[in-house]
Every structure is written in C-alpha cells, then in structure tokens.
Amino acid sequence: MSEKFRSELFVGRERELEDLVRWATDIAVPSRRLRTIAAPPGYGKTWLLKQLVCRLAEWRDLFIITAPTLTLTSYAAITKWLLTVIEQAGTVCAKMSAVPPDESLEAWVRHLLENLTQNSPSLRPILIVDGLNELADNERRELEKYLLDQFWLNPEVRIIVSFREESYLIPSNPRRGEKRISLETFSKIENKISADGHQQLHKRATIIPEKLEAPLEEFLEIVAPYALTVPGLNTILFRRARENEANHRRPILNANDLKESRYELIGPELRQKPETVKTIEDALRQIVALQENSWILENFAGNKYTQREALNHIQTLMVLSIVTHIGGQRYQIVDGLRELLYAENRLREKEKENKQ
Amino acid sequence: MITPTFAVARRTERIVNRIAELKKLEQAICQPGLDTRVVIIKAPGGLGKTRLLLETLWRIGHHQSFLYLSPPNIDEIWTTTTPVIISNIVDFSDVRLHTFEHFLQILRDSFSWHEQAQFQAYDDAVVEYKRKRRDQADYSSVEAAAAKAEGAFFEDYRQLAGEYRLVWALDTAEQLSYAGASWLWETGLLSPKDIGFSTQQRLLELLQQGKLPNTTILLAGRPEAEAYFEQLIEAAHHPDSRFSLETIELDVFNVEDVQTYLNQLAQDYQAQPGSDEAIAAHLQNIAQDQDRIKVLHLYTAGQPVRLALFVDILIEGKKEPVALQDTFAQAKERIQKEGLEKIQFEIEAEFIRLLFATTDDLRPRIMTALVRARHGLDAKRLNFILGSLPNADPAAWKTDPILNHEIEQELAFDNPYSLHRLSVVKTRADGRLILQDELYRIYAENMAANEIDRKDEAQARLQLYRKLQKFADWEIDQLNEIRTQIRKEDERSLHWESPARALSMKLRSLGITEEHERFALEEHVLAARLERLHYELRIDPDAGFNDTYYDIAEQMSRANDLEADVQIQIELWRFLTDPYTRAFINLPPRPSMVNDTSWDTLERAAIQDDVTRWIKRFFLTKQYHRAIEFADQVEQIIPALPEPLQKTLAHTFSRGERICWQEFSRVYLGENIPDAIARLETTAKQLERLLSHKGIPEQEEFSLLEHPAEIRLRRVIGLNYNFLGYGHVTQGHYRQAGQYYATALRYLRDTGFWARQAITRNNLSRVLSEMGLINRAGRICRDALELREELGFENPIAFSHNTLAVIYNNGRQPENAWPEAARAVVYFRKLEDPRGLGLALTELCEALRRLTTSKVPKVVDTPEELLDTAATAIAEAVEIFEQYSPEVMRRIEALIEQGCLYRDYMYYLKTHHPDQSSRITQYRNRAISLLKTALELSTERGFARHQLDAQNDLAWTYYYAGETEAAEQAIEDTLKLVPPESLLKKDSSPPCPTDAESYIFMQLGKVWAVRGRLRLDRFIKIAAAIRASLENKQAGRLAVRNDPQATKMLEQAAEAFVLSLGYNQLYSTRSTVISVSLDILYDYLKKFNRFEMTDFFKYQRQARAEYRIDEIEPEDPTDLEVFLLQSFGDYFEPVPGSPEEVK
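Listed in order, the protein sequences are those of chains A and B. Every letter in the first sequence is one number past the one before it in numbering that gives the first Met the number 0, and letter 36, counting from 1, is 35. Every letter in the second sequence is one number past the one before it in numbering that gives the first Met the number 0, and letter 771, counting from 1, is 770.
No wet-lab data here; the hints were simulated from the structure. Heads up, a few of these hints could be off.
[To be verified] Listed below are the simulated DSBU-like cross-link pairs for lysine-lysine, each with C-alpha atoms no more than 35 Å apart in a straight line:
1) B/Lys985 to B/Lys1085
2) B/Lys22 to B/Lys293
3) A/Lys49 to A/Lys272
4) A/Lys79 to B/Lys318
5) A/Lys258 to B/Lys454
6) A/Lys191 to B/Lys317
7) B/Lys984 to A/Lys187
[Claimed, not checked] Label pairs and their calculated CB-CB ranges:
8) A/Arg31 to B/Glu12: 31 to 41 Å
9) B/Asp288 to A/Trp80: 29 to 39 Å
10) A/Trp80 to B/Asn414: 32 to 42 Å
11) A/Glu17 to B/Glu337: 53 to 63 Å
12) A/Glu17 to B/Asp595: 48 to 58 Å
13) A/Lys191 to B/Leu586: 40 to 50 Å
14) B/Glu705 to A/Gln331: 32 to 42 Å
15) B/Glu337 to A/Gln331: 22 to 32 Å
16) B/Glu337 to A/Thr70: 42 to 52 Å
17) B/Asn414 to A/Leu269: 31 to 41 Å
Just so you know, these numbers come straight off a predicted model, no measurement behind them. No residue lacks a Cβ here, since even glycine has one placed at the ideal position from N, Cα and C.
Can you make the complete structure from the sequences, with help from the hints?
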C-alpha cells in the first residue's frame, strides 16, 4: 500500500500486536523463532509491522533490522545492504569487531549477529521482511537463501516475514520454527459495520483531517454490505469518495468506483493486462452466481469450464489473493472483497434500473 | 524448472534395508533344486511389499521392473546355478484375475518379457478357448477348451521349468478371497469343485498336486489374506506336501532405516536433472538432523508409505504441520497427550490440503481423480476428466493437445518426475494407474471427518463417476459398433448357391491376427462393461445393483460366459466391501424389515443374489439336477441361519427367485412338469402380491412398489412368467404359454433387461406361429432379433434365426425358412452349441423337404438333391439329441422330422422312380420305425402334442405307402388322441377356436385331409372299375353314380374335406394349410365328370349343414384387441403394481 504510515492512524490488530511484542521481547529465545504474517492485500500487514517497530523502539536491547524487501533482489544487493546494517550496528555495539575483509555474505551475517549477541549488554536481533511476495520468484529465492536462512543459523535471531495469504516459504530450516499469523478482516459488531473500520475513518477525518461532506451514512449505504472490514480498502474507498465529492460528482461512489477500488487494492499492474482482468471478471461472475460463500472446484466449473480451465482461473484468483483455499475442497473470495463485490453488483443493478 | 507436486514422494532408487528379507527371497529363488517353494510376504498396507517384489525382480535380472534405473550393482545381483525367469508383478486388484483362466493368461503374459519364456502349445490352445468364449459357445465346449488350454499351459510350463526356475510374483493376495455368502461353503453346500474357476482355489490345488516343479511363488498380501495364507501353510505342512513354504513378515522401519531412506531420497533427488536446489538442500538438512529423524520415525510409526508422505508434506506443505515441528522430546510428550492416531491424522490432513491448495499444477488433480477412481485411470480418461465439461458427450469431445501433452508427460516413464516413479502410485498390468492402498484410506478418512467435507467429496465423486460412466458408455457403444460391423461382414460372406447346398457354408475362417483382434475386442467389451458397472454402483448403488448388475449378469450368463459371470459378481462384492467409498455414496434410506442400514440391506440382497446365482450357474453349466438339489438344500439350511439374513432369504422375493430357477431346471429336464408349472404359478402370484400396495401382510412383507428393488422384482416376475410359458409349451399348451409370455412382457416392460425381453419375445413368437399366427409371430421374432443384434451376442442371434425358420416352416413358407435355418446352422456350428445346431438342422430339414413340393419360387435343385441334404441335416440333429441333450422333447421332434423326411422321400420315389422299390421299402420302413419311436417316447412322457403329431404323420406315411388299412387305423388312433370337445359333431354347435389348443385343430385338419384323400382314392378306384366293366361311357358314369359303395366314398370324401377345412378354419383362417388342402382337392376334382362334380357339390353342402360349419366363428385377424393381447399382454387387467390397481 502506498499510503504513508502514520502511527496515530493505526487501528485494531491489538491482539496480533501484543502477541508479536511479547514474542519479540521475551528474554528467553522462543522455540519458534519465525513469525510469518499472511493476509490478502489491504489487511494491514505492513502497518502492523510498522506499528510493531514503533512499539519495539522502547526496548533498547533489541536490534531491529528492517529489510528493504523490494531492493534486495540479488546476492550483491543483499551484501551491499548488509554492510549498511553492519555499519549501523557499529553505532550501537560497544565493541564492534572489524568486518572480515573479502569474506562472503554468509560470513558477514555471522559477523553481524555474533557482534550483536555477544555485545554487552547483548542486543537481540530481529529481522523484519515485509511483502516477500512482491519480489519475483528468483529474487525471492535469493532473499530466502541468503538472508533468511543465514540469519536463521544464529540461534538468537528472531525473524518476521509477511506475505500474501497464498504465499509460503520455500522448504528450509526456518520453517521448523515458523508460526503463522493469518490476519483476519476487522470484525463486525452484530453483523453491522466494523468498529475498527469506523474508527479508522474517524481518525482520518479528525487527525489529518480528511473529511467527507456527505454524511457517513450515505457512504455506508453505498458500500453496503461491505462493512469497512478491510483497512486498506477503507482508505481507498474513502479517498475515492472524497475526490468524487471534490469534483461534485454524485453519487459519491458508483459501481465502477467500487470495481476500480478492487483493482487498486489487488495491484495496479493488472490494469496493464486487460485479458487477465477479463478472466478475473468472468470467473468472479461465475462464483457470485453460485450464491454461496464458499464453493468447490466442481461447483465453480459448473457447465462452463473444464476442470483444467477452472483450475487456471482459480490459480489466477489465488495468486492475486482474491480467492483463497479455506480447507478441504473449499475456496472462497477473501472476506471484505466478497462483500465489496456484492455491493458493486447491487449498485450495478440499481444503475441499470435507473437507466431504464 | 518447476518440480511438480509430490515430487518428493518418489521411490528411492535403492531399497531401504530389508536385508534379511531379501536374503530369504534370494534363497527361495536361487537355492539349487527342482522343488516347489512358496514365500508369503505378509504385512499391513504401506510397509513395502510391492517394493520388495519389484526389488526381487530387479535383482534377479528383470531390469524392466524399474525402467528408469540403471541395472543393479554387482553386489546387488543375485546369481543362480539354474537360470531363473521371474514374472512381472501380477496384481490381484484386477477383478478379472479372480478366475483361473484369466489368471493363467495374465501369468503367461507376465513371463513374456523373457524371450525364452515360450508357451507355444498353450498359445495355440488358448486361442481355441478364447474363440469359444468369444463366440459364446456351448458351456461344455468352452469348458473342454479351457481344460485343454490348461493342459497345454502346464505341459509348456513343465518344459520351461526343466530349464529354468520359474518365479511368480503375485501381489495384493487379500483381494483374492472369495466374497459372497460364506455360509454356502461352511455348510458344505458348495464344494471346492464348484469353485474350479477360482484362482485362489486352483493355486492351492496346483501346489497340493505338485504340478509346479522348479517354481517359486512369491505371494504378497495384507493380513486380511490370513485365511488363505493359513490354508497354504496347512497344505505345506501336510505329510504328503509337495511344496515348502516360508513366511516373511515385513516389519516397520527402525530409526536407522528412516535415516537411510532420507539419505537415499536426498541423494536421488539431487541427482535428478532439473531438481529444485532448495528442496534438495532441505532434504539434505533433514537427513542430517538426528532429532528430526527420530521425530519422523515416531510419528510415522516406521511405516514407509507414511514416511514418504510426511517428508513430502514437510517439503511441499504451505507450512510445516505443528507436530512435525516438534523436537523428539516434544513429540513424545505430544503422543502421550494426544495419541499417535490423532497426530497422524492431522499431518495427513496437510496432504489433503496440498491436493486442493495447489492449483497451478495438474498433478494434484490427477491424484485426486486417482484416489476417487479405484478402477484406475489412463491418459485417455484423465484427458476427459480434466479437459471436458461435466455434461460433455465423449463422442463429440476433442482432446486438448496442450493438456494431452501435459498428461503424457506426467505418465511418461522417461520423465524423471513421472507419476510412475512416485512411491504411492502403482501401474496395473493394463497400464492404468492406481494408488497405494494406504492412500485411499488416508484420503477417505480425512474427507469423511466432517460433514461439509464429506458432502463436498460425495458431490465431486458423483461428478467424476458420471463422467467416467459416460466414457465407459461411449466406449461400449464404439465397441458394439465394431462388433456389429464385424458380424455384418461375416454374414455378408454367407451365401448359398441353392438350398441343397445349405449345409455347405460356414463363416469365413479368420487369420491369427484377426482372431487376436477379435479376442482383444471382446476383452475390451467386458472390461468396459465392468467399468461401467463399477461407476454405476457408485453413482446409484440401488440402480446399479437392481438394474445394471442384474442385467449384465443376465446377459453374460446367457452368453455361457462363466468367467465373466464370476468377474461381474466380484466387481459387486468389491464395491460392497470397499471400506473407503461408502461415506461418499448416497444410498437413501429405504423401508426395511429389520432395523439396520441401507448398506446392510444391500449387502443382504447381494447375498441373496449369490445364492440364486449358484442355482443359475448350475443351470448354465448344465448341472440341472444339481441346480434342483442345491435349491432344496438352501431351503433346508435357511431356518438355521442367523437373523436378519434368515429373514432376507426366506423373503417371498428371495425364495421366489430361487424357485423360478429351480423349477425351470425341472421343466428343462422334463421331470414332473405339471408340478413345476403349478409351483411357478403359485410363485408368480406370491411375487405379484409384493408389487401390490398391500404387500404380504400376514408375512409382514411390505410392498416393494417404489422400492429400489421394484425393478428387479418386476424382472423376476417377468422371468417367472417366461418360465411358465416355456413349461406350458412343453405340455403343448400354446394358448396358455402365449398368454404367459405376453404377461411376462408386460412385467418386463420399462425394466430394461433387454436380453430377457428378447428371449420372451422370441418365445412368444414361436408360440404364436404354432397357433397359426405366422405374420404376428414373424413380426415379434424379427423385433427380438433386432434387440439381440443390438446387444451383440451371437448365441441369441442364432436362436432368433432358428425361430424365424420355425415360424416360416409353420407357415408353409419353406423358401423363407431354409435361409434362416441355414444361417442358424452356420452360427451354431461356430458356437459349437449342439442343442441349437440340432434345432436348426431339424428346421432346415423340414424346409428342404417342403421345398420339394413347393411351387414358389422355382428351385434349381432337384427334389432328390434337396431331400439328400435334408436327410444329412436331420441325421445329425437326431444324433445330437440322442447324445448331448437331456431334452427328450427335442429328440422326439427330430425323430418325427426324420420320419417325415423318409416318408416324403419314399413318396417322391414312388411317384417319380417307382422302379426303385427296395429303396422305397427301405424309406417306408425307416419312416414308420422313426415315427413309432417318437410316438412311444411322447406317449411315455405325456407330450400330447408330439403324440398327436407322430400319430398323424404315421397315418400319412401309411397313406403314401399305399397301406390303406393301416392308414385308416392310424387315422382312428389319431382321432382318439383328440379331446372330444374339440371335435366337430353332427347336429351340434361347432367348437370355438379357443376350446382347444390350435395345434389340435391343425392336426385334425391334417388327419381329415388324409381321410378325404383315402376316400377319394377309393372312389376313383371303384369308379374306374365300374367304368372299365361298361363300354358305354355315359352308362359308366350313371353306374358309378348309382353304385352305393362309390356314392358312399364320395359322400365320405366330401365330409372329410368339409371337416378338414372346418378344422383349418378353427386353427387359423389365414393358415397356408387351407390352400394346401384346397390344392389337393382341386387336383382330384379337376378330373371329375359333371355327375361326380354335382354329387360332390351336393355332399359337401350336406356335410356343412350337418356339422353346422357356417356357425364356426374363427378368430378374426383384424381384431385389434386380440392382436394387442397376443402381442403385448393384457393391459386391461389391473395387475398388482399397475396404475389401475385399486389401492
């Protein structure tokens, strides 16, 4: 998400945050030293990690290493960045030994971590890698092999990695210490809108301030049954409504706005590939027509697709985290996005009626 | 390169441990000596039995067992003093291997990879067996060919065993056990001889009899095969034992074995071209992690198949299952807390997740299809499953070339990531893929763990099975089309230059290649039918059992195919005893007499079927007495059986079906037929009550209307009526038989069951033709023939041709009858069915005999040529019925026909070659003797119709021989045989056509015609004598007119012809016998002078008035209602279960 992080705007996720803080600050090294945070786009993985870093700032015995994921695309890039980390470590370590000359990345990682852990008082290293799935496959493999695996070798290191729901780490030693945190959507209260989502908009209006002229009820009525459960989506929708309002457009959101918001959430690259968009739209229509929250391959294929085609479609939807496998044979459109899709369909029907 | 899913669950290139076991196997194979050795390899599923067999194959020189491996290292090769040939693995999961003949063929093929493994004599003999089986030859002929083939096999085998030790590698022995009503064995109702078809039984016998020299049999199986293993062990320990036996009980892996496995796996994986570096590295890591190895050992309980799966899950799972993240200490603690089974179940759930979470790879979908389709899949089917829409018609569907390529890659042996290399995948002898048995269990247990998953799985399976059923349907259609094509080609090659050459043709002989093509076709047809049944049972067990299974079993038994009959039954039992399928099959609840599940009810229905099937089987194998006795014994044992089985077997439906077959056997033997008929009639009524809304309340048996078994009940009632019809035919009660056949048709309508419908229509047509309704009969018979042609079995087709010949003969259309009879003869000869051949030859004889006097169309053959051919045909028929058939009635019919043939021959010689007096006398004597024998036999057996026929024919024979007095006596004797109510009497109302069987009127017409001729002949003789004594012509004529003797003769002649035609009218107004009588009369009358004509005219009028001929009310052939009743049964009568039945 391109939205700039502001700690004061952070809402919800208290449970996950507390859990991570506890795990990160525990003096005893936990048996499971790897936390992976998995969630569909817009669920707030990045903000959670950023808020965590803020919270951990007060622990002076922690040495937080936040990897600039998107730049660590090769062995050389990792090495280069590592040197800056070592340099930074030098500023906090009382007695930092000299970097071994002409040594490998592996040796430098060892050097860094040994210095940190053997420092007096010892500095407990925590490596944070956000958005692992944003790298290309080969880049990601490099990062896992040269960064994660190498850091893992030091038994004091704790690692946090985030990626999209369907992603996972390649087979490696760290996986034995993995605990996965799957982020859920903001919960709704009594099936109405999410309190966290509401608070999120409220904060935005009061702190930034970013206010809608139209009453919030109007906004909520348009996006229903979407109930502000996906923080990233809330931001996008709210911003789009404000822009429309600024341009004197009524209603403040139409069906197309909702569709565009969907794509903005999933990833801008999609708009470059109209055939993929068509596939997605086609497949989504098929799923929505099932009128079931979850479905199996055979249902989805119906009489429209062969199994092979159905698999391809599901694959596309899963890669984009639109659809997720929820166990057994069942798949579903991810929470939040599903409700938004219903809202979009509802609006479209309405618009059609109005035209007629 | 992206490695496909489950790439890690591969077979290791080197076996893990099993050193002691391999040593034992090496000894059992390599130790010098010519003795017979059996090694039982016993272990629960997933411990590596198959792997051990494959390893044995590989080490002893059958390197193709691992196509993708380089030959073994020098230290792995087993050397022997005597050379060894080992078979491919023969896996008993194929139901067809239950029958010994099929097993022998597969065993022979499993040795064929070795160029020295020649079975020349067997190969020749088995062609004969297969040909007979394919042609649905008579059972005894198939049996004899099977025995010959077996003899040849063991002859070849002994020769080969003289040079090589022969090793049989047999897998999945637990599938061999005979499923069904075990109490039939336990109570001694069935003997080992009865299951001579069973591979299990025969294998034991071969070992006991010492018929397998220089042989080692490796028999791998789960503990479920224990009962059989124990039988073998007992036999081996018998003082006279001719074989030694050793048991290898495979143990689980120890920690070191797990370590070895992981090392080997890591090494194999790394050596793989294009292997994933990260996976390879991680496998290495795991293999070096002692703690992790111990954890894996603990959680897999040392079971190799689990180990393969768990390691795969570790590598490929989205995350490591929590339990597998444990340290050894944690793992021990966890087991204490949670129990091993629960932990294993949770880890295995990850495997299921992998199947569905991975959508970018075809392999999980292939695995899912395989785990659901236990029948096994090949590339064609996989293409259809994955590449077609759910409702796609396989005939119109086109393979997607890209998908096809991907599937081919998955199955390619040379692909290092081929499915064939996975440790959980097995390849069947026919190339289809199946899975290691444990996988079916794991999958089923996981998918049934909660209701949503179970329902999803049931839905997905249903879709898959429907597709595969459609595919099998399509395959069957295609194969049937080829079959029909072949039959048409064969039939086209049949043409006769003239009727006298009717015996000269046979179906063209096929070259060996074409023969083999046809065998393959038949095997393919059966395999496709079994496959179809497999899926139908899973889609709708009730319909599968009550409809398809019952139908296909009927077809196969009609086709004399005992092997197929058994295989079909095994398919059913495999379904019923498959523990991994039930949870996903929708078997709706149904009313039941006892408090249990629908599955229990279905299982009991299958047991009930098993019992009836044995009676049918004895009938099929011509053990008619055994069928009757067996059925009696079953009835005696039922009261001692436990409930609820007792109740099921004592149920009217169950008992009724047994009685049907028992009494049919009795009728077939001609034993106490009236009693049998009475019992069948009672049974029919009882069975019908089950179709009524009330059921049989006094027996607490509820109505089966709208019950899943309704369709089967209707079929059984139809069958019962069909048998009743047959019983009545044997008694000459054609009218009653016709009604029963029509009733049978009414019950069989809408039940499918086409083979039985065709039989019934065929039988009905024959009866109608006996009633003189030739067109009606021909129509129905041709309809039945069309049905039979669609079903494609040649034996019934041949019978239809024969029936057509009967109908045409009865209709005095010899020109139409002979080609049908000749065609039937050709078929029956090919089918080696002596009974059918005898029947067809009899009809051919009649047709040819009649052709000699027929005026249309012109025949090129001389009468003598025709009669000679007829004589050859009937001589063979008589011989057949004297030697092979227990049906006395058929013998009598053949004797009568032979008598008639010699009678006609004699008459022909008398009229055309009177100089050949000795031949004439000889033929006269033969005719009289044959007809007398027929008369005696039919009198003895109480076959009224045949008695009358023989007696009447005697009268004609005497008449033709010029023995007037004997003829008169024979006429009197004939008339004595006729029931008085069927006679036309002076000054009495004439009988109705329905007052007697039609044949009685037909015979009366015939006998009065001969009397008419006798009288006319006598009149002509007297008249000639009178005229000769007087010179004046006119005076002569007057003298004749005034001669009392002559007048009496003319008067009696007119009366005889009036009666003859009156009876003909009562028989059938459209009967051709009428014109035959009139032709004869015309020939006489055309020579009469005007006085004679006037008098004849007068006398006939007088006779007509006296006998009140004008009052005869013949059956009206244009009466639609009569037509409907005769052709389709009585739909006016509200039978139980009909829409009109009053509730």
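Run the structure past the numbered hints and jot down the numbers of the failing ones, going up. Structure breaks hints 7, 11.
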